[in-house]
Every structure is written in C-alpha cells, then in structure tokens.
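Going line by line, the protein sequences match chains H and C.
Residue numbers for the first sequence follow the UniProt record's numbering, so the first one is 1 and each next one is one higher.
Residue numbers for the second sequence follow the UniProt record's numbering, so the first one is 1 and each next one is one higher.
There's no promise every hint is true.
Label-pair ranges, simulated between beta-carbon atoms [to be verified]:
#: 1; chain 1: C; residue 1: Ala454; chain 2: H; residue 2: Arg384; range: 57 to 67 Å
#: 2; chain 1: H; residue 1: Pro479; chain 2: C; residue 2: Arg456; range: 36 to 46 Å
#: 3; chain 1: H; residue 1: Arg384; chain 2: C; residue 2: Glu472; range: 25 to 35 Å
So, partial list: chain H residues that the calculated Cβ filter (under 8 Å) puts toward chain C [said to hold, decoys possible]:
#: 4; residue: Val108
#: 5; residue: Gln372
#: 6; residue: Ala392
#: 7; residue: Gly483
Just so you know, the hints here were simulated from the structure itself, not pulled from any lab data.
These figures come from a predicted structure and were not determined experimentally.
Using N, Cα and C, we set each Cβ at its ideal position, and we do this for glycine too.
Number of protein chains: 2
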Amino acid sequence: MQRKFVSLIVGLVTCICSVAAGANVPAKPEASGRPNVVVIVADDHGTDAIGAYGNRIVRTPAIDALARDGVRFDRAFSTVSSCSPSRATILTGRQTHTNGMYGLQQVVHHFQSFDDELSLPVALENAGYRTARIGKYHVAPDSVFRFGKNLGAGKKAQRGELGRSPVEMADLSNGFISADGPFFLYFATMDPHRSAPHGKVNRFGNRDDGFADTPTVTYRPEDVVVPAFLPDIPAVRAELAQYYQSVSRVDAGVARLIAHLKAAGKYDNTLILYLSDNGVAFPGAKTTLYEPGMRLPLIVKLPGGGRAGDTEKAMVSWVDLMPTVLDYAGVRVPGSVSDKDTEGRSFRGLLDMTAYKPRQAIYASQTFHEIQMYYPMRVLHEQRYKLIWNIASPLPVRQAVDLKNSATWLAIGDKPNARYGERPVASLLKRPEYELYDLQNDPNETRNLAKDPAMRKRLEEMKAKLVKFLDETGDPWSPNWMGRGE
Amino acid sequence: MQRKFVSLIVGLVTCICSVAAGANVPAKPEASGRPNVVVIVADDHGTDAIGAYGNRIVRTPAIDALARDGVRFDRAFSTVSSCSPSRATILTGRQTHTNGMYGLQQVVHHFQSFDDELSLPVALENAGYRTARIGKYHVAPDSVFRFGKNLGAGKKAQRGELGRSPVEMADLSNGFISADGPFFLYFATMDPHRSAPHGKVNRFGNRDDGFADTPTVTYRPEDVVVPAFLPDIPAVRAELAQYYQSVSRVDAGVARLIAHLKAAGKYDNTLILYLSDNGVAFPGAKTTLYEPGMRLPLIVKLPGGGRAGDTEKAMVSWVDLMPTVLDYAGVRVPGSVSDKDTEGRSFRGLLDMTAYKPRQAIYASQTFHEIQMYYPMRVLHEQRYKLIWNIASPLPVRQAVDLKNSATWLAIGDKPNARYGERPVASLLKRPEYELYDLQNDPNETRNLAKDPAMRKRLEEMKAKLVKFLDETGDPWSPNWMGRGE
Numbered sequence: 001m002q003r004k005f006v007s008l009i010v011g012l013v014t015c016i017c018s019v020a021a022g023a024n025v026p027a028k029p030e031a032s033g034r035p036n037v038v039v040i041v042a043d044d045h046g047t048d049a050i051g052a053y054g055n056r057i058v059r060t061p062a063i064d065a066l067a068r069d070g071v072r073f074d075r076a077f078s079t080v081s082s083c084s085p086s087r088a089t090i091l092t093g094r095q096t097h098t099n100g101m102y103g104l105q106q107v108v109h110h111f112q113s114f115d116d117e118l119s120l121p122v123a124l125e126n127a128g129y130r131t132a133r134i135g136k137y138h139v140a141p142d143s144v145f146r147f148g149k150n151l152g153a154g155k156k157a158q159r160g161e162l163g164r165s166p167v168e169m170a171d172l173s174n175g176f177i178s179a180d181g182p183f184f185l186y187f188a189t190m191d192p193h194r195s196a197p198h199g200k201v202n203r204f205g206n207r208d209d210g211f212a213d214t215p216t217v218t219y220r221p222e223d224v225v226v227p228a229f230l231p232d233i234p235a236v237r238a239e240l241a242q243y244y245q246s247v248s249r250v251d252a253g254v255a256r257l258i259a260h261l262k263a264a265g266k267y268d269n270t271l272i273l274y275l276s277d278n279g280v281a282f283p284g285a286k287t288t289l290y291e292p293g294m295r296l297p298l299i300v301k302l303p304g305g306g307r308a309g310d311t312e313k314a315m316v317s318w319v320d321l322m323p324t325v326l327d328y329a330g331v332r333v334p335g336s337v338s339d340k341d342t343e344g345r346s347f348r349g350l351l352d353m354t355a356y357k358p359r360q361a362i363y364a365s366q367t368f369h370e371i372q373m374y375y376p377m378r379v380l381h382e383q384r385y386k387l388i389w390n391i392a393s394p395l396p397v398r399q400a401v402d403l404k405n406s407a408t409w410l411a412i413g414d415k416p417n418a419r420y421g422e423r424p425v426a427s428l429l430k431r432p433e434y435e436l437y438d439l440q441n442d443p444n445e446t447r448n449l450a451k452d453p454a455m456r457k458r459l460e461e462m463k464a465k466l467v468k469f470l471d472e473t474g475d476p477w478s479p480n481w482m483g484r485g486e
Numbered sequence: 001m002q003r004k005f006v007s008l009i010v011g012l013v014t015c016i017c018s019v020a021a022g023a024n025v026p027a028k029p030e031a032s033g034r035p036n037v038v039v040i041v042a043d044d045h046g047t048d049a050i051g052a053y054g055n056r057i058v059r060t061p062a063i064d065a066l067a068r069d070g071v072r073f074d075r076a077f078s079t080v081s082s083c084s085p086s087r088a089t090i091l092t093g094r095q096t097h098t099n100g101m102y103g104l105q106q107v108v109h110h111f112q113s114f115d116d117e118l119s120l121p122v123a124l125e126n127a128g129y130r131t132a133r134i135g136k137y138h139v140a141p142d143s144v145f146r147f148g149k150n151l152g153a154g155k156k157a158q159r160g161e162l163g164r165s166p167v168e169m170a171d172l173s174n175g176f177i178s179a180d181g182p183f184f185l186y187f188a189t190m191d192p193h194r195s196a197p198h199g200k201v202n203r204f205g206n207r208d209d210g211f212a213d214t215p216t217v218t219y220r221p222e223d224v225v226v227p228a229f230l231p232d233i234p235a236v237r238a239e240l241a242q243y244y245q246s247v248s249r250v251d252a253g254v255a256r257l258i259a260h261l262k263a264a265g266k267y268d269n270t271l272i273l274y275l276s277d278n279g280v281a282f283p284g285a286k287t288t289l290y291e292p293g294m295r296l297p298l299i300v301k302l303p304g305g306g307r308a309g310d311t312e313k314a315m316v317s318w319v320d321l322m323p324t325v326l327d328y329a330g331v332r333v334p335g336s337v338s339d340k341d342t343e344g345r346s347f348r349g350l351l352d353m354t355a356y357k358p359r360q361a362i363y364a365s366q367t368f369h370e371i372q373m374y375y376p377m378r379v380l381h382e383q384r385y386k387l388i389w390n391i392a393s394p395l396p397v398r399q400a401v402d403l404k405n406s407a408t409w410l411a412i413g414d415k416p417n418a419r420y421g422e423r424p425v426a427s428l429l430k431r432p433e434y435e436l437y438d439l440q441n442d443p444n445e446t447r448n449l450a451k452d453p454a455m456r457k458r459l460e461e462m463k464a465k466l467v468k469f470l471d472e473t474g475d476p477w478s479p480n481w482m483g484r485g486e
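Okay, chain H solo, but in the shape it has when bound (with noise of 0.2 Å):
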C-alpha cells in the first residue's frame, strides 16, 4: 500500500525557545512551549445530547463549559460509523481502506491497521511527548498504535468497568498530568454505547448501585428529546433517557479531568478535543453514514483560550484531527501538509484564523462493522449535497447485533411500512447503490434525488469525484482498482 507518511521531522513551535536552548541543540519539550495534548473520545455519542449543542434536558455542564472556553463545530464529520474503524481513523489521520482497519477490531472481526503506519501517539513520542492511553482501546496492532503507558493497566480486574467510570479514568490520569514535560492523554469512555444486548431496555452501562465518586443524573423518559432520525415510541424515549444518564457520566469524567489540569496549572497550554467516534447507538445512526452517524460533536479548547464560545460552520473531517494536532504540537509530517479535500490535513489556520482553505467536501469510507457485516460504502458530502454510494446494494443491510436487539429496533423493526424518524423501516434495511440528498431541503435525507433527472449532471459529477477519491487514495473497492491477488 501507498504510505503517506514516511518519516519525521520536528519541528519546534518557537524558534525562540530553540535558540535559547542553544544552537544545535534541541530544546527540551517542556522548554519550547509546546502544548499539552488531551483527545477525549467518547463512545457512540450524538450531537442530539450534549447542552452545548442544544440539548436544554441532558446535563453535561463540565462539555458545555470546555465549549465556552474553546469552539464548538457544528459540521464536523467522523469518516466511518463504527468504533474500531473511526478511531484508527482519528489515530492514524487515514482512511479505514487506507490505513488497513476495515472494521471492528475485537475478537472474530479481527481487523487491524496495516504495520506500516503511523499513529498520532508514535509521532508525538518521537517528538518528545509523553503519552499515555486510559480506557477503551480497540485498535490493533499494538506496535501501531503504541503508547507509552496504559493508564488503566493496573486494573486489570475493572478493566471492563474502567471505561464506564469516567471519573475514575479522570483520578487514574492525574499522576500523568501533573508529571513533567508536554503530554498527549488519549482519554476514551466506554460511555454512552450501549450495555450487552439482551432485549429490554438497554441500561447503556448504568447501574443501580452508580459508580465510584459519579452523581447518578437520572432521566424520565417523557422529559427526553426524541431526534428526528428516531420514531417517537416508548421504547425509544426509555432508552434515551438511559442514554442521557450515560453521557452525564460521560460530563462527570470531563468536569474531573478539567479540575486535575486546572489543579496542576495546565489547562490553559493544553489543546483539548471532544468528539465521538459516531453517531449514537441506534438504527438510523450508529453504522450508517446518514448525518446521524456521521455528524458528529467536536469542540475545540485551544492552548492559550483562543476563541472561546466561538462556534464554527466550516466543515472539518476525522482525518484532519491528527494533522492538527501534530501542527500544535510542532509536529511536521512529510505528507501531512495538505489542502488536498481527499486527505487529512490541518485546521489549526482555521482555528487561529490565519491562512486557511476551507474543505469544500468531506469524504467518508466504511466497509465493515462486523466481520460478516459486508456493506461497504463510500461518501462525498458537500457543502450542500451529499452522496452515498451502497456499493454492496444487492445485498440486505445487517444490523449490528446491539442495534439488532435493541428495545427500540423490536419494537419496531418487524414493520417495515412503519416510519422510522422521517422514513420508512425497511429504507434502513435495504437501499439503492446510489443516494444523493440536497442537506438545505433535506436535512434529515428522505427523499432520494439519485434517480432525479433534473439531478442527472450533478449526479455523475458526484460520482466521477468520488471515483477521483478512492482512486487517489489506493481504495481496493474502486471500480478502477487493479489489484493483487495470488
């Protein structure tokens, strides 16, 4: 496969601080000013419940503080909707069907990313930083995605737990924070997916007996609010309230992990990320490239407050958040300098408000969840309209087994002319290889303008562009795609 990344080089923020370290010789990390970095990974988290975004039911002060003090992106994108996938995604600053990782990672799924490439942790620990990782992991293989500590390790017999316990993840990191030299945390909740599934209403990890040092922040179902992707019915408003009392779980961890960097005086020089891997843990969101899925929350602290309470309309991608986070951290990747759309590539411009070429398309990849869950798909969004290809089209759409057996899905599922949200139950299961949507009229992407002959021309120029994308980035499921086979 094509590596865009070959090698590395570092280059320090401030040549100031270099010099003053003496010619030739490399200033210590914690000498050049640099930032810390803390990415925040939620788990199967919409915007549809954050405070910030407009929620006025769920809590989640400690999110919607971090977003009055950075920038909120109303239009930021994962590539993939599914957890292995987006996160190598996030990690590797590539494509699932350029950085190897096709689908979920866990047990028979058995995907990993490809050996030769290069994570945001390896790339800012050959710069110098500390790094370490607390809570859900799902990436493979280690050599890859290696950093150096697991925080949560020592605890082994929670490990389980340890990701349900954000507040714990928070107190286990503290020691790492206050350490010396910049740092990089990789902080990933298990909160707010969904528990096993077993029919009823999932509990989306939450228990009666609450978590170590977490206030319990309950919901009544009727106070929650249903989005317009989901049907309005008892089973789903059950499992979104079960679902809020998740994310405050979520907010609790935030709010202690604030309290540890502002305790050891570094809050104010460290970058800090909030975002989901995807959509939330429903049909209709989680494992599809609907908005839902893949429209996702990020908010923005940046090191010295810049822009706080800001909210940003530019469209930025999954693939550009390592790109950005390495040009905070003086981090210059051959390659990673981009202002390519099909690529990741920086938006500290955008952030700063200095030179900056807006995206004017987001691409997306997803191929598998599941290893026997085969529904490749690849997307162009544009500023307006947006483009799914359902590549495997001829085949039925598999849920995820924690969808499938979800309270919502059987209370539902088995009704195909029922709406679901705005469309009918069996769109879900079954779509046309093409689906072009009009985001301004349709936001929520019900009507189907592939097969609009007034859309014709935009049509086959979506889809010649798309085709520029998966040839450009060495896609296996391009129509073009020559490939190796023995």
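Position chain C relative to chain H; hints supplied.
Chain C only, in chain H's frame:
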C-alpha cells in the same frame, strides 16, 4: 473465539524406544524412530495435470513415482479455494472461519489467523522436531506460523523467484534434510500459479531463459487435455500448455528433493505429502468451491513405504492433514482426536488400515479471496450430493484479478450465453443462494437440483446439517450466530 487446541502433550510412538532411553527420561527425538515429515504444497495445481491422476500428456515422472511409492487419494478436498486461507487451514487443521484467515494475507487484503492458533510447525517443534519452510509462505502472523528456519531467507534478492525454481528450493533444503534429528520440511512452490496478469497468454512463471539446473519441458496447445469445466478454445489450450510447463518444473523440484532424501538415507522413514492449496487458476476452478476448485491432488508416501501404489477412494479434507501428520509424529494435541466429520481428524487409521471411521461428509468454508471479493460460501459435500450455500448470492461474483485478466476469460467472459465447459459463462458471475448437485449423475455440477421438488426433503436436511456445522464451529456467518459487536 473458541480454541480447540489448548495445550500440547507429546506421546512417543514406540514405547519400546522410550523405555530403551531410560524410564522417565524422554527419548531424544532421533532415538524414537519418529518419521520425518515433508509437506509439499504446489500452488494452484489441479488433479487435471498430473500423470498419476490420468493425464497422459503432462510429464510428472517424480510425482508419479511418489504415487507408486505411496497412496493416491481420489477424493481429497481443500476446504477453501484461495491460497492464504487454504495454507492456513493446512497448517492449523481448522476451517478459515474458525482460525480467522478469512482471505488473502498480502498487501491490502491483510487477513491473518487469530493469535492463539496452534500451527503444525509449532506443534512439531514443541515435540522436538526441527522445522523449516522454503518457498511460498503467504500466511500470518509469523508468531502462529513459526518455523525454526526459512531456508529461502538468505535468497532475498531472488525470493520472488525462488518459488518458481523448485530444483533450487530442493538444493537449498538439502543441508536441513541431512542434519541429525527428525524434521518437518514445508516445501511450497509458487509453480504452477499464474504470473502477473497482462491480458495475454499467461506464462505461469515460465521464462525464456529457463531456471537453474532445471529441464524446460514445453507442450503444444493442440496436445493438452482440456478438462470438462473449461471451454475448448485456443486461449484455454494456449494457457494450459504454459500451465503444464510450470507443472513440470514442480515435478523437477520433487525429483531433486526425493533424490536428496534418498541420498541422505531418509526417504524411507519420511512421511511425504504432495498436495495443492486449491484448484487450477482458471475461472471455474480456483476461488470456486466447484469440484475443480476443491477436489485436489493428494499423494501420501508413508514412512516405511506401506501401501505402495494404492489408490484411496475415501473422502479426506485438508483439515485432516495436521491431525494426520501429528498422529504419525506421535504428537497428541487435546481435541485433535475426533471422529466428527465437522472437525479435522487423523486418517492414519485409513492409511494403516487399522481403525478408521470413514468420513461421510466434507465441509468447506470460503469467505474472501481479495478483500473486496466478498463472496461467502459454505459447503456440505457428502458422498453423492453436494450443497453450496452462496450466502451473498444477491451480489455478482467478483473474479480474482489473475482470472479476470486471463487470456482465457478475455476470450469468452463477455459472452454471457456462451458455454464455459458445460455451463453458461453467466452462471459463474451470478449464482443462486443454494446449489445442490448429484455428483454421481452430474459430476460436472451443471444441473442445480435445489429447486427440484423431488429433492426438497434432502435439501432441507442438508441445509440443517450445514447450519449445525456452522454453529458447532462458531461461524459468524451462521444464521444463528449471536456475535459481539461494539
């Protein structure tokens, strides 16, 4: 995943030797009389092109001689028709959906077996055998498929070519063969695989300047024997002639290898297997589970030379190879002694004509060839009837790049109504969900009985039996699979 082999117990074949070596002191391997093992795996070699299997044109004197010294199986079956997965099955005794090698290993395809698989070389090494491989590898990870030596490793510059030069491979193996102690040599040629595709008559690795110390045996297109599954057209004859030439190069390597074994005085006490990973690399064979894809050459030369020249009609499977070899080596792995048709099991009893419960069924499992060639199939192959379940039957069948770009396919592939052997061309590209064949009356699998009312009961019984196999082996593609996704 479920792990069949948990730990390893070594039992010596001859108690007398063990006692002679001293009570409670394990005999040194060489003192135990345990046989050496040579497994020769040719690449895409069908039964169609071997003298011992009835072809009177192709010259394979060494393979034929091996058959005269051993047992030729007429009903030996791979469980998958793709290189990496089949090699992983040969070397683990487990189906691809069980060992995790769902498709090709190389480049973007990137499939690998689960980390906790026990492989044949590791099991034999643990039992005191010296182990080495030479030639084509094509499996991963190395930690699972670990051999003591790679005898071709020093030949990096010509590594890609080494598998095309079986005589050289044999010479490079000689030092290993001649050393003390029982050994396992895994000898895997690249011949008679197709060369890189280019749309012209493929050379199957043949070169104008030949190969070191190797006679070049050429064939005339008008002389070759066109098997029933192929159309008798000039492109096919031209490619078969090249294929035969490549086969004769394999034979030259076998001749040299046998000569070294004899010169070292080790031929007699060596268990030698000659087999292929899958059927010949023509559309209709390789990557299909029709008979030309999975019914393959297997010649077994026993240590001690028993049953010289016999033929065997009993059905055996590639999942049986590892248990059989371990049985001869005196190595017992818990769980490997089975008489269930769903699992791999030793057929030593068959070869030695002692206790053996004949297989009533062969099961096969193919899921991918290249990563974008998703076409999962599961097969129940009984004595007379064969059921193929094409799980993704709504999809068109994607052809492997070497087959799609073969002169054979380019000559006929765009003529959907043309006959390809006894089938229409189109039937290779789009298949029904179920195919049921009566191999007794229809050995070329041209009449699908799945919709024949008279066969309804048999079809349902075979479907139920196949699903039982999937469930027993934890197949993610089973309709009953309740997997894990996050």
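Cross-check of the supplied hints:
1. Ala454/C to Arg384/H: 57 to 67 Å: Roughly 59 Å apart at Cβ, these two residues keep to the hinted range, so it holds.
2. Pro479/H to Arg456/C: 36 to 46 Å: holds, 40 Å
3. Arg384/H to Glu472/C: 25 to 35 Å: violated, 53 Å
4. Val108: Nearest chain C Cβ about 5 Å off; hint holds.
5. Gln372: Holds. Min distance 4 Å.
6. Ala392: holds, 6 Å
7. Gly483: holds, 5 Å
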